[in-house]
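Participant: So the chains spell out like this:
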Amino acid sequence: MADNRRRGAFLAEPAADELQVPACLGSLAAIAAFVQAVAGRAGLDQGSAYRLRLAVDELATNIVTHGYRGGDGRITVRGRAGAGWARIVVEDSAPPFDPVAGRLPPATDEPPERRRIGGLGIHLALTSVDEFSYVRRDGRNISTLTVKAEGTDPCPPRP
Amino acid sequence: MPLSVSLSIEGDTTVIELAGELDASTAPDFHQTIEKAAGHGTATVEIRMAGVGYMASAGLRSLVFAQQKVAGHVTVKVVGAIEPVARTIRTAGLDRSIVLTDG
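Quick note, the sequences are listed as chains B and G, same order.
All residue numbers for the first sequence refer to the UniProt record's numbering, where the first residue is 1 and numbers rise by one.
All residue numbers for the second sequence refer to the UniProt record's numbering, where the first residue is 1 and numbers rise by one.
Rather than coming from a laboratory, the hints here were simulated on the basis of the structure.
Don't be surprised by glycine CBs; every beta carbon is placed ideally from N, CA and C.
Each hint should be verified, as a subset may be incorrect.
[Stated by the list, open to error] Sample of chain G residues at the chain B side, in silico, Cβ under 8 Å:
hint, residue
1, Asp23
2, Ser25
3, Leu60
4, Thr91
5, Ala92
6, Gly103
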């Protein structure tokens, strides 16, 4: 496999890997397992690994349900593990969607029965990671999510 | 990522016990059980989540759905959620309408 060759050729580099799945909710389990493996290689603590999984899961769910609107499509997930940090790149070829622009903070002043819950997944994704970036390139949405192990972030989120 | 869902009645409390992972692919099972639970008409609906190791926003939607389905005087409780799950519930502000307890 190409990935194995890549690992063999660059042993000094942090491990890299790639997963391509059909854009459907049934792929979420495979994506989660992939993210957890990257988090494991990075030596992330349980809490940081959870945050990364949650963010990627929410983003992928959004791509399936809103990006491709339940139609055919593919999601590519790439991972990179460093010492105390993990980075996941999520790519799709659905219509342009910038998660930062589409972010909707929870309207906590509203009672739940009146509250718009859509957009909350993206809010959770963005608040779960330490770094997030988005670009639209060559007809693809490319989001990059980075989580650092607890205690390594100079500006940790307030509890 | 399987989710197991069980439903029982203990006195005036309808108990939904969840174990596994609650994401967009498994939440529909929880939804169906909420529909049944709401029909029981007990004073409390208790959702035991100690066995839930992961919850995405789809789980939050289910909890909002539970709150909407029960009558106004019915208390919805989430019991035993692990810290990251409880944090997600608090992030959405659902702890204002749903009682979160350690169990």
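Participant: Each hint: holds or not?
Facilitator: Here is what the structure says about each hint:
1. Asp23: 6 Å, holds
2. Ser25: 4 Å, holds
3. Leu60: 6 Å, holds
4. Thr91: 6 Å, holds
5. Ala92: Holds - the Cβ of Ala92 of chain G comes within 8 Å of chain B, reaching about 5 Å at its closest.
6. Gly103: Nearest chain B Cβ about 20 Å off; hint violated.
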